[in-house]
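S.K.: In order, the protein sequence lines correspond to chains Z and R. Positions 8 to 253 (the working numbering) are the ones given, in order, by the first sequence. Positions 3 to 180 (the working numbering) are the ones given, in order, by the second sequence.
Certain hints may be false.
In silico DSS-like links for lysine-lysine, alpha-carbon gap of 30 angstroms or less [claimed, not checked]:
1) Z/LYS195 x Z/LYS129
2) Z/LYS188 x Z/LYS204
3) Z/LYS129 x Z/LYS47
4) Z/LYS165 x R/LYS171
5) Z/LYS165 x Z/LYS204
6) Z/LYS47 x R/LYS171
7) Z/LYS195 x Z/LYS47
8) Z/LYS165 x Z/LYS195
9) Z/LYS47 x Z/LYS139
10) Z/LYS139 x Z/LYS129
11) Z/LYS165 x R/LYS175
12) Z/LYS188 x Z/LYS165
13) R/LYS57 x Z/LYS188
14) Z/LYS47 x R/LYS175
15) Z/LYS188 x Z/LYS139
16) Z/LYS129 x Z/LYS204
17) R/LYS57 x Z/LYS195
18) Z/LYS139 x Z/LYS195
Below, a sample of chain R positions facing chain Z; criterion: calculated Cβ distance under 7 angstroms [to be verified]:
19) GLU31
20) ALA38
21) ARG39
22) GLU48
23) PHE55
24) THR168
25) PHE169
From chain R, some residues computed to sit far from chain Z (all C-beta separations above 12 angstroms) [to be verified]:
26) GLN27
27) ARG35
28) ASP83
29) ARG90
30) ARG91
31) ARG93
32) GLU95
33) VAL126
34) ASN152
These are calculated hints, taken from the structure and not from any lab test. Glycine residues also receive a C-beta, built at the ideal position from the N, C-alpha and C atoms.
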Amino acid sequence: MDSNRDEWVEERLAALGPDREWQADVSRGLSRLRERRRLKRNRTQRWGWVAAGAVAASVPLMAFPTTRAFAQRCVSACVGQSNWVHSLLTRNVSSAVPSSALVNGSERRMAPDFVLADASGKPVRLSELRGKVVLLNFWATWCAPCAAEIPWFIEFQKGYEHAGFATLGVSLDEDGWSAVKPYIDAHKIDYRVMLGKDDVAQAYGAHSLPTTFIIDRSGRIAATHVGICGKGEYEAEIRRVVDERE
Amino acid sequence: MDASREALVEIDTGEDRLDVETVFQAHYERIARVIARVLRDPSRAEELAVDVFLKWSQNPGAQGENASAWLYRVAVRAGLDELRRESRRSRRESLVRFFRPSPTPEDMRAAQEDQDRVRTVLAVIQSREAELLILRSHGLSYEELAAALNLNPASIGTFLSRAEQTFRKEYIKRYGQQ
């Protein structure tokens, strides 16, 4: 393998700086880190209070059907904006909801097949992805924990595509593409996203969001996660399922 | 390097403050050095390295996985992003200079430096390939590269030689055969 290596290129790259004697100043870095963390804490605490105030203000609006949707968005936006509230919530969620670990090969059930249209109108049939490992994520634009997971899924898609892996997003937004398409653009989601239907969500038992399945190369459900789970956990499972032989 | 990584396994992630500072002490020098490979200004590299650790401390997902791999990945991306910003800025400045008297001898000497050429090439080739080349030249093993960039360890050799070919082509296209 090494015989293909290009010494000319390696020499050039090796000539990049910094000098051998150069060393980063650890104590200066550490005090800079402490200062940045202190500033950040103050800022997030301030935003936490602002978000809490906005949530409180939205509660009376929930009483009226006409303003309910608006109030829900406000609450979810506030929760999404504030890392402080967000980390508090997700920490609770991840400890409260036991997410199931990987299921043994022989005990896995088949993932229900479906055909759903993606943003360009092209139909996506799950069974056509047989032979690939699929991460199937049920989500919605208004769901704050879903938003936290999406960047990880983008990263997984990029990192494992070459190993026969694909991420599929199924949005359960009631407002349809008018809500989902701008969201896809804004968050630069580059994996395929389809608009879900009730029967698909029912078939998967996706009653709460986010719900995520990891489907093996034979189309069987290898893992189920209800609620947000750690990025490392997803990634460890993806790696194991990708490495399985059929 | 390996000793510090082994020590990391022992760290309890419960205590946030202790944690980020311990990880910082164990990895800061190497992380700053990776960024300093890419940038011309080492003090800017130090600033960006601190940002990497700040991000690490704020990202609960990152703390679950191999810290060293995560830090390398984020560091090399931060360095490349800054390098691209710098080269955009210098393109703008060179456009301004076009209407002004000729560049100073110092500018010309700087532009001729091979390091700058290497940096220019790294800024224009695909990020994934540039990341691979930088981390490899920093001395990471195939296993470490695979972990840092989420690649299949068995394919690293292939990816690397492809990245080198891309680099060579782009370099020759810009500066001719040396």
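S.K.: Work down the list of hints and note, for each, if the structure agrees.
M.R.: Hint check:
Between Z/LYS195 and Z/LYS129, the direct Cα distance comes to roughly 19 angstroms. Compliance with the 30 angstroms bound is thereby established for this hinted pair. Between Z/LYS188 and Z/LYS204 the alpha-carbon distance is near 16 angstroms, which keeps this suggested pair within the 30 angstroms criterion. Proposed proximity of Z/LYS129 and Z/LYS47 is contradicted: the alpha carbons are some 44 angstroms apart, above 30 angstroms. Distance restraint check for Z/LYS165 and R/LYS171: the Cα-Cα separation of roughly 24 angstroms lies within the 30 angstroms cut-off, and the hinted pair is therefore satisfied.
For the hint linking Z/LYS165 to Z/LYS204, the alpha-carbon distance of about 27 angstroms falls within 30 angstroms, and the restraint holds. The straight-line distance between the Cα atoms of Z/LYS47 and R/LYS171 is roughly 44 angstroms, outside the 30 angstroms bound, and the hint therefore fails. Restraint check for Z/LYS195 and Z/LYS47: the C-alpha separation of about 26 angstroms stays at or below 30 angstroms, so the hint holds. Between Z/LYS165 and Z/LYS195, the direct Cα distance comes to roughly 13 angstroms. Compliance with the 30 angstroms bound is thereby established for this hinted pair.
Between Z/LYS47 and Z/LYS139 the alpha-carbon distance is near 42 angstroms, which puts this suggested pair outside the 30 angstroms criterion. Restraint check for Z/LYS139 and Z/LYS129: satisfied, since their Cα atoms lie roughly 19 angstroms apart, inside the 30 angstroms limit. About 28 angstroms separates the Cα atoms of Z/LYS165 and R/LYS175, which keeps this hinted pair within 30 angstroms; it holds. Taken as a hint, the Z/LYS188 and Z/LYS165 pair is honoured in the structure, with Cα atoms around 21 angstroms apart against an allowance of 30 angstroms.
Among the hinted pairs, R/LYS57 with Z/LYS188 is consistent with the structure: their alpha-carbon atoms are about 29 angstroms apart, no more than 30 angstroms. Straight-line distance between C-alpha atoms of Z/LYS47 and R/LYS175 comes to about 45 angstroms, which puts the hinted pair past the 30 angstroms bound. Distance hint between Z/LYS188 and Z/LYS139 is fulfilled; the C-alpha atoms sit about 26 angstroms from each other, no more than 30 angstroms. For the suggested pair Z/LYS129 and Z/LYS204, the alpha carbons sit about 16 angstroms apart, so the restraint of at most 30 angstroms is met.
Taken as a hint, the R/LYS57 and Z/LYS195 pair is honoured in the structure, with Cα atoms around 20 angstroms apart against an allowance of 30 angstroms. For the suggested pair Z/LYS139 and Z/LYS195, the alpha carbons sit about 23 angstroms apart, so the restraint of at most 30 angstroms is met. Interface hint status for R/GLU31: upheld, as the beta-carbon distance to the closest one in chain Z is roughly 5 angstroms, under 7 angstroms. Hint on R/ALA38 holds. Least Cβ distance to chain Z is approximately 4 angstroms, under the 7 angstroms limit.
Look at R/ARG39: its Cβ gets to within about 5 angstroms of chain Z, closer than 7 angstroms, so that hint holds up. For R/GLU48, the suggested interface contact is upheld, since its CB lies about 5 angstroms from the closest CB of chain Z, less than 7 angstroms. With a least beta-carbon distance of about 6 angstroms to chain Z, the hint placing R/PHE55 at the interface is held under the 7 angstroms criterion. The interface hint given for R/THR168 is violated, since its Cβ lies 9 angstroms from the closest Cβ of chain Z, which is over the 7 angstroms cut-off.
The interface hint given for R/PHE169 holds, since its Cβ lies 5 angstroms from the closest Cβ of chain Z, which is under the 7 angstroms cut-off. A cut-off of 12 angstroms between C-beta atoms contradicts the statement that R/GLN27 is not in contact with chain Z; the least separation is 7 angstroms. Some Cβ of chain Z comes within 12 angstroms of the Cβ of R/ARG35; the nearest lies about 7 angstroms off, and the non-interface call is violated. Annotated as non-interface, R/ASP83 keeps its C-beta farther than 12 angstroms from every C-beta of chain Z; the closest such distance is 15 angstroms.
Separation of R/ARG90 from chain Z is adequate, the least Cβ-Cβ distance of about 20 angstroms exceeding the 12 angstroms criterion. The Cβ of R/ARG91 lies farther than 12 angstroms from every Cβ of chain Z, with a closest approach of about 19 angstroms, so its non-interface assignment holds. The Cβ of R/ARG93 lies farther than 12 angstroms from every Cβ of chain Z, with a closest approach of about 21 angstroms, so its non-interface assignment holds. No Cβ of chain Z comes within 12 angstroms of the Cβ of R/GLU95; the nearest lies about 22 angstroms off, and the non-interface call holds.
For R/VAL126, the requirement that its beta carbon stay farther than 12 angstroms from each beta carbon of chain Z is met, with the minimum near 15 angstroms. Not every beta carbon of chain Z lies more than 12 angstroms from that of R/ASN152, the smallest distance being close to 3 angstroms; the non-interface claim is violated.
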